[in-house]
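Asker: The lines below spell out each chain.
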Amino acid sequence: MTTRELTPPQVKDAVEKSGPGGTGRRRLLGAGKQLHAGPVTYVVLAVFALVSLAPLLWTVVAASRTNQRLAETPPPLWIGGNLFKNLEAAWNEAALGTAMLNSTIVAGTITVGTVLFSTLAGFAFAKLRFRFSSLLLLLTIGTMMIPPQLAVVPLYLWMSELGWSNQLQTVVLPTLVSAFGTFFMRQYLVQALPSELIEAARVDGASSLRVVWHVVFPAARPAMAVLGLLTFVMAWNDFLWPIIALNQQNPTVQVALNSLGTGYVPDQAVIMAGALLGTLPLLIAFLLFGKQIVGGIMQGAIKG
Amino acid sequence: MTSSKQALAQSASSADAAPGSQPGAARRAHGRGTPPPGPDSWRSRLYRWDMKASPYAFIAPFFIFFGAFGLVPLLYTAWYSLHNVQLSNLDQQTWVGLDNYKNLMSSDFFWGALQNTFTIGVISTVPQLVMAIGIAHLLNYKLRGSTMWRVVMLTPYATSVAAATLVFVLLYSWDGGMINWLLGFVGVDPVNWRESTWGSQFAVSSIVIWRWTGYNALIYLAAMQAIPSDLYESAALDGAGRWQQFRHVTIPMLRPTILFTVVVSTIGATQLFGEPLLFGGASGSKGGSEHQYQTLGLYMYDQGWIIGNLGKASAIAWTMFLILLIVAAVNLLITRRLRKSQ
Numbered sequence: 001m002t003t004r005e006l007t008p009p010q011v012k013d014a015v016e017k018s019g020p021g022g023t024g025r026r027r028l029l030g031a032g033k034q035l036h037a038g039p040v041t042y043v044v045l046a047v048f049a050l051v052s053l054a055p056l057l058w059t060v061v062a063a064s065r066t067n068q069r070l071a072e073t074p075p076p077l078w079i080g081g082n083l084f085k086n087l088e089a090a091w092n093e094a095a096l097g098t099a100m101l102n103s104t105i106v107a108g109t110i111t112v113g114t115v116l117f118s119t120l121a122g123f124a125f126a127k128l129r130f131r132f133s134s135l136l137l138l139l140t141i142g143t144m145m146i147p148p149q150l151a152v153v154p155l156y157l158w159m160s161e162l163g164w165s166n167q168l169q170t171v172v173l174p175t176l177v178s179a180f181g182t183f184f185m186r187q188y189l190v191q192a193l194p195s196e197l198i199e200a201a202r203v204d205g206a207s208s209l210r211v212v213w214h215v216v217f218p219a220a221r222p223a224m225a226v227l228g229l230l231t232f233v234m235a236w237n238d239f240l241w242p243i244i245a246l247n248q249q250n251p252t253v254q255v256a257l258n259s260l261g262t263g264y265v266p267d268q269a270v271i272m273a274g275a276l277l278g279t280l281p282l283l284i285a286f287l288l289f290g291k292q293i294v295g296g297i298m299q300g301a302i303k304g
Numbered sequence: 001m002t003s004s005k006q007a008l009a010q011s012a013s014s015a016d017a018a019p020g021s022q023p024g025a026a027r028r029a030h031g032r033g034t035p036p037p038g039p040d041s042w043r044s045r046l047y048r049w050d051m052k053a054s055p056y057a058f059i060a061p062f063f064i065f066f067g068a069f070g071l072v073p074l075l076y077t078a079w080y081s082l083h084n085v086q087l088s089n090l091d092q093q094t095w096v097g098l099d100n101y102k103n104l105m106s107s108d109f110f111w112g113a114l115q116n117t118f119t120i121g122v123i124s125t126v127p128q129l130v131m132a133i134g135i136a137h138l139l140n141y142k143l144r145g146s147t148m149w150r151v152v153m154l155t156p157y158a159t160s161v162a163a164a165t166l167v168f169v170l171l172y173s174w175d176g177g178m179i180n181w182l183l184g185f186v187g188v189d190p191v192n193w194r195e196s197t198w199g200s201q202f203a204v205s206s207i208v209i210w211r212w213t214g215y216n217a218l219i220y221l222a223a224m225q226a227i228p229s230d231l232y233e234s235a236a237l238d239g240a241g242r243w244q245q246f247r248h249v250t251i252p253m254l255r256p257t258i259l260f261t262v263v264v265s266t267i268g269a270t271q272l273f274g275e276p277l278l279f280g281g282a283s284g285s286k287g288g289s290e291h292q293y294q295t296l297g298l299y300m301y302d303q304g305w306i307i308g309n310l311g312k313a314s315a316i317a318w319t320m321f322l323i324l325l326i327v328a329a330v331n332l333l334i335t336r337r338l339r340k341s342q
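Quick mapping for you: the protein sequence lines, in order, are chains R and V.
Going by the UniProt record's numbering, the first residue of the first sequence is number 1, and it counts up by one from there.
Going by the UniProt record's numbering, the first residue of the second sequence is number 1, and it counts up by one from there.
Please keep in mind that the hints were generated in silico from the structure rather than gathered at the bench.
Yeah, the Cβ is synthetic: ideal placement off N, Cα and C, and Gly gets one too.
Pairwise CB distance ranges (calculated):
id, chain 1, residue 1, chain 2, residue 2, range
1, R, S207, V, A282, 55 to 63 angstroms
2, V, H248, R, R131, 40 to 48 angstroms
3, V, F118, R, R131, 39 to 47 angstroms
4, V, I251, R, F130, 38 to 46 angstroms
5, V, L75, R, F84, 50 to 58 angstroms
6, V, M253, R, A71, 44 to 52 angstroms
7, V, D238, R, A54, 39 to 47 angstroms
8, V, F260, R, T73, 38 to 46 angstroms
9, V, L259, R, Q191, 19 to 27 angstroms
10, R, Q191, V, D189, 53 to 61 angstroms
11, R, A71, V, M148, 35 to 43 angstroms
Just chain R, same shape as in the assembly (with noise of 0.2 angstroms):
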């Protein structure tokens, strides 16, 4: 809840009836939060969407296209007649079949994981006092600073080791706990689950494992959701480790984007319809799911 929607009626229509140059009494009720935002800022906001929107939109142009017509000035603006058979030439050249596929398998073991080990660690170090809970926490949120590529050098050696090369579970381990994850459900437990929950179950004679099914779990279940949806968004779009771990045969989305785009012929109406494909999915559950993502992402930012 937002300030801005506990104002009283009367006072916007106080406010929206001042107009501009209102003396000190108006200027006090509009001041900060409480604008109303006016025809440029809508002009703007819009400027700036049609800015996010126009390379995708253009994408589904340039996916119905010829490669000839696209080298020519000037570029296409509306739809052309060739979508679909570009659509099955990247499925096939890509083989984007098995590639999301493999991306669907990858990013929702990733996703269950995350959260579940996240929910795990984050109720411990919300709600449960142990020796060392501060300093281990403070070493959890450090550990946000190693970039992957410190690790990947070892990684593809043991792996090899093992047999595992352009394997599934090469791409799906080292990725299947989070430090962001588990400080994000850490904040939202201090607060969503009250600590007499907990002592209520404790005193009943509930077991660990009990108070985390039938207490824990039910309180955080928006935030895993949450956190599943930013999870899954962020495993789908890994691009440096995938393309290490895994070849052509055996590609996520994104590695079978990348043969795609590196072709030495590339034929650009083809490349554009297999970024629209590799990208359908996601933006689907963005649709879907938008507001929470949304959300997920401005509460992870104020706690954070």
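Starting from the known structure of chain R, fit chain V onto it as the hints suggest.
Answerer: For chain V alone, coordinates are given in the frame of chain R:
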């Protein structure tokens, strides 16, 4: 934890009444008649052991996985950086001391990559954060369809590096490209976005800016909404206009958030990899024909997996880490200075 009888009784009743919780378990256990058992029973020992051990069990997965796949490899990377490790012959690892690092220091490509990482980092981070503050300020007004605006601004975040970069490659193409065509309308000659140094670095940066501005705007918006409105009211009483309120109330109150986003974006910029790799197409790992946009992340990938010198790649990784630590230390110093000056 409070443990007076009164508090416990209160909490027990509140547990039963709490909406949204699942009271079944607690009540069932209660109904089965398991009061806190006597001090010496087997159950009570188990119970105390559970209380002690379970916190560690809950945090264990994070530390085990992070240790195995983050911390141990980090140390091994340092070890490999002192060895000659070739992709073509993984079993032969010979000690070479600091040779890989010396090799880096005398390589023009390394210094070029360092400089590119810095310039691309600056021209992608600064406009991105400035625009994000502006957008957040606009989104903080009372808007029609405010959620819709936020979701639209965040859409690029859902696009992958690979898909976004492939689209921008086409938008930036020399002939028939959308950007050069639009520039033609305002009388600007077409720019060679792939070959020219500044052009290509700007193009790579624009992909980063496009993907992350909306994300940062939401972080700023969240922080703006947490600013107490009476600060604005007293500023207005002192006669501050909108712009002055923005400068003297909003920006100072956002300072911790701004610092946070600067650190996060700096870390991101140091690791920049996917955008330049895909922007280059077939010569991607080189960062263009003249290495004009080869970043440190790309240089490491090129040395390690295209050329096949994993020892040198390890040395690059550790050098990146040291640079990040220096950046973090400088950030800490600035933060302290700012706090003291207040």
